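2 protein chains.
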Amino acid sequence: MDIREALYTTRAMRRVKPDPIPQDVQKRILDAAIRAPSGGNTQGWRFLFVDSPEIKAKLGPLYRDGLGTVFGSIYKDRHDAAQADPEAEESKQFMKMYKSAMWLADNFESYPLLLFAFCQGDPTGASLFPGVWSAMLAARAEGVGTAMTSVMLFHQKEMFEILGVPQDEGWSFGCTITFGYPTGRWGVAPRTPAHEVAFRNQWGEDIGFEIPEPLWPDGK
Amino acid sequence: MDIREALYTTRAMRRVKPDPIPQDVQKRILDAAIRAPSGGNTQGWRFLFVDSPEIKAKLGPLYRDGLGTVFGSIYKDRHDAAQADPEAEESKQFMKMYKSAMWLADNFESYPLLLFAFCQGDPTGASLFPGVWSAMLAARAEGVGTAMTSVMLFHQKEMFEILGVPQDEGWSFGCTITFGYPTGRWGVAPRTPAHEVAFRNQWGEDIGFEIPEPLWPDGK
Numbered sequence: 001m002d003i004r005e006a007l008y009t010t011r012a013m014r015r016v017k018p019d020p021i022p023q024d025v026q027k028r029i030l031d032a033a034i035r036a037p038s039g040g041n042t043q044g045w046r047f048l049f050v051d052s053p054e055i056k057a058k059l060g061p062l063y064r065d066g067l068g069t070v071f072g073s074i075y076k077d078r079h080d081a082a083q084a085d086p087e088a089e090e091s092k093q094f095m096k097m098y099k100s101a102m103w104l105a106d107n108f109e110s111y112p113l114l115l116f117a118f119c120q121g122d123p124t125g126a127s128l129f130p131g132v133w134s135a136m137l138a139a140r141a142e143g144v145g146t147a148m149t150s151v152m153l154f155h156q157k158e159m160f161e162i163l164g165v166p167q168d169e170g171w172s173f174g175c176t177i178t179f180g181y182p183t184g185r186w187g188v189a190p191r192t193p194a195h196e197v198a199f200r201n202q203w204g205e206d207i208g209f210e211i212p213e214p215l216w217p218d219g220k
Numbered sequence: 001m002d003i004r005e006a007l008y009t010t011r012a013m014r015r016v017k018p019d020p021i022p023q024d025v026q027k028r029i030l031d032a033a034i035r036a037p038s039g040g041n042t043q044g045w046r047f048l049f050v051d052s053p054e055i056k057a058k059l060g061p062l063y064r065d066g067l068g069t070v071f072g073s074i075y076k077d078r079h080d081a082a083q084a085d086p087e088a089e090e091s092k093q094f095m096k097m098y099k100s101a102m103w104l105a106d107n108f109e110s111y112p113l114l115l116f117a118f119c120q121g122d123p124t125g126a127s128l129f130p131g132v133w134s135a136m137l138a139a140r141a142e143g144v145g146t147a148m149t150s151v152m153l154f155h156q157k158e159m160f161e162i163l164g165v166p167q168d169e170g171w172s173f174g175c176t177i178t179f180g181y182p183t184g185r186w187g188v189a190p191r192t193p194a195h196e197v198a199f200r201n202q203w204g205e206d207i208g209f210e211i212p213e214p215l216w217p218d219g220k
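Top line first, the protein sequences correspond to chains A and B.
FYI, in the numbering used here the residues of the first sequence are 1 to 220.
FYI, in the numbering used here the residues of the second sequence are 1 to 220.
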């Protein structure tokens, strides 16, 4: 698969089938992840794959509780606004994301594979999330859908106990990635055009060009 | 370019030529970046390109001072160890990275393009570094080398002033990316094999396979 197709179409694919991810596919995903940059090449990362039904059954209820917290706090205003004015374009986009996120939570135990990513000595995430994103892009190339979620942050202590993560070695939880063969179609996610979130030389200064439409697949 | 080639060969390319990066290449890099995942699709990111000699001249001395701090603190033990036993394999790798990092600092003003990435409401970096890494992968596909560095964290306040970043809107600095056409060759960076940094179901448990050599280009 072409790099640009992967970069443009690796969007959150939360609705997936329970079919297992073959081991050779898992290998290619993991081996791609560790080629990503790591500050000072310290590689202070650990990747924990979970496919045990027992472990997933312990994590699922915590995940659902955490997601309730997310929508009752961080996203409460957006959720309230969407319910007050359901016809607004922003409301529709929010509710689509909300339903998709709820699907993930409700079906947590049915994902064939989960990845929990941890890092050490990396306060900004600069040396973990490139690797995580490489895993997601490598999965895309295999036809495997992924979604990244930080919801387990709300139950980090219990999660560390369930997964056996040492509490005294300075490991931080980065995120969970869900894997599965998607039921829907790949596509380019909606985004604010690039020139509206970019500047040149000074904050607020025009970047010097406009990109009103995605440059893939039709643009140059 | 194939996605796997990009994932495996986008290593830090610090030694580059001063030739400018054409605007259409900059467009493709930036437009790829904003397709990356963003929690709740909030897109709390800003990408500031710097190509002004005056701005680079103000930032360069701060960068060199910051790098001195890095090697005098975080990496001091590794630096001392490398000087004490220069023939050890670990020492050689460290000194290679050290010299390359020093080259970047010494030549900071000569990079044709720098990117400063910022985020809002994203404490873990989960919604910024995928986009940053996409920019680096998109650059790779264009033959443009990149390197990611967090060194400006040591002079964040001065950097915010130089770049005009608002101090009261909750923006965090993520990293700087250098861009340039490389003088050296692309290759796969050395890494601890994937199975040594991955577990299955429980921390410390075997992942269930071994990947002694990179799976690209020769492996499956």
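Don't take every hint at face value.
[As the list claims (entries may be wrong)] Mimicking SDA-like on lysine to any residue, the simulated pairs with C-alpha atoms at most 25 Å apart in a straight line are: (1) A:Lys56 <-> B:Arg200; (2) B:Lys27 <-> B:Gly164; (3) B:Lys99 <-> A:Gly40; (4) B:Lys58 <-> B:Gln43; (5) A:Lys76 <-> B:Gln43; (6) B:Lys27 <-> A:Gly44; (7) B:Lys56 <-> A:Trp203; (8) B:Lys76 <-> A:Lys76; (9) A:Lys17 <-> A:Gly184; (10) A:Lys96 <-> A:Gln120; (11) A:Lys96 <-> B:Asp122; (12) B:Lys56 <-> B:Phe209; (13) B:Lys96 <-> A:Trp203; (14) A:Lys27 <-> B:Phe209; (15) A:Lys58 <-> B:Lys76; (16) A:Lys27 <-> A:Trp203; (17) A:Lys27 <-> B:Lys27; (18) A:Lys27 <-> B:Lys96.
[What the hints assert, rightly or not] So these bits of chain A aren't anywhere near chain B, every CB distance computed over 10 Å: (19) Glu5; (20) Val50; (21) Leu62; (22) Ser91; (23) Pro130; (24) Trp186.
Just so you know, these hints were derived from the structure itself, not from any lab.
Computed from a predicted model, the values in this text were never measured in an experiment.
For each residue, glycine too, the CB sits at the ideal point set by N, CA and C.
These are the hints, each one checked on the structure:
Taken as a hint, the Lys56 (chain A) and Arg200 (chain B) pair is honoured in the structure, with Cα atoms around 12 Å apart against an allowance of 25 Å. Proposed proximity of Lys27 (chain B) and Gly164 (chain B) is supported: the alpha carbons are some 23 Å apart, at most 25 Å. The straight-line distance between the Cα atoms of Lys99 (chain B) and Gly40 (chain A) is roughly 12 Å, inside the 25 Å bound, and the hint therefore holds. Our distance criterion of 25 Å between C-alpha atoms is broken by Lys58 (chain B) and Gln43 (chain B), whose separation comes to about 29 Å.
For the hint pairing Lys76 (chain A) with Gln43 (chain B), the CA-to-CA distance comes to about 17 Å; that is within 25 Å, so the pair holds. Between Lys27 (chain B) and Gly44 (chain A) the alpha-carbon distance is near 33 Å, which puts this suggested pair outside the 25 Å criterion. Restraint check for Lys56 (chain B) and Trp203 (chain A): the C-alpha separation of about 15 Å stays at or below 25 Å, so the hint holds. A threshold of 25 Å between alpha carbons decides the hint, and for Lys76 (chain B) with Lys76 (chain A) the separation of about 46 Å lies outside it, so the pair is violated.
For a cut-off of 25 Å, the pair hint linking Lys17 (chain A) to Gly184 (chain A) stands: about 10 Å separates their Cα positions. For the given pair, Lys96 (chain A) sits about 35 Å from Gln120 (chain A) by alpha-carbon distance, which is inconsistent with the 25 Å threshold. Under the criterion of a C-alpha separation no larger than 25 Å, the hint pairing Lys96 (chain A) with Asp122 (chain B) is consistent with the structure, at around 22 Å. A C-alpha spacing of about 47 Å is found between Lys56 (chain B) and Phe209 (chain B), which places the hinted pair above 25 Å, so the restraint is violated.
For the proposed pair Lys96 (chain B) and Trp203 (chain A), the alpha carbon gap of about 35 Å is over 25 Å, so the pair is violated. With a C-alpha separation of about 8 Å, the suggested pairing of Lys27 (chain A) with Phe209 (chain B) holds against the 25 Å cut-off. Between Lys58 (chain A) and Lys76 (chain B) the CA atoms are separated by roughly 42 Å; this puts the pair beyond 25 Å, and the hint is violated. Proximity of Lys27 (chain A) to Trp203 (chain A) is assessed by CA-CA distance (about 42 Å); at most 25 Å being required, the pair is judged violated.
A distance of roughly 33 Å separates the Cα atoms of Lys27 (chain A) and Lys27 (chain B); the hinted pair therefore is violated under the 25 Å criterion. Restraint check for Lys27 (chain A) and Lys96 (chain B): the C-alpha separation of about 29 Å exceeds 25 Å, so the hint is violated. Consistency note on Glu5 (chain A): stated as away from chain B, yet its beta-carbon is not over 10 Å from all of that chain's, at 8 Å minimum. Its closest Cβ contact with chain B, about 6 Å, brings Val50 (chain A) to no more than 10 Å, contrary to its assignment away from the interface.
Under the 10 Å C-beta cut-off, the non-interface status given to Leu62 (chain A) relative to chain B holds; the minimum distance is some 16 Å. With a cut of 10 Å on Cβ distances, Ser91 (chain A) stays outside the contact zone with chain B, its closest approach being about 13 Å. For Pro130 (chain A), the requirement that its beta carbon stay farther than 10 Å from each beta carbon of chain B is not met, with the minimum near 4 Å. Separation of Trp186 (chain A) from chain B is adequate, the least Cβ-Cβ distance of about 12 Å exceeding the 10 Å criterion.
The structure fails to meet hints 4, 6, 8, 10, 12, 13, 15, 16, 17, 18, 19, 20, 23 from the earlier list, while all remaining hints are met.
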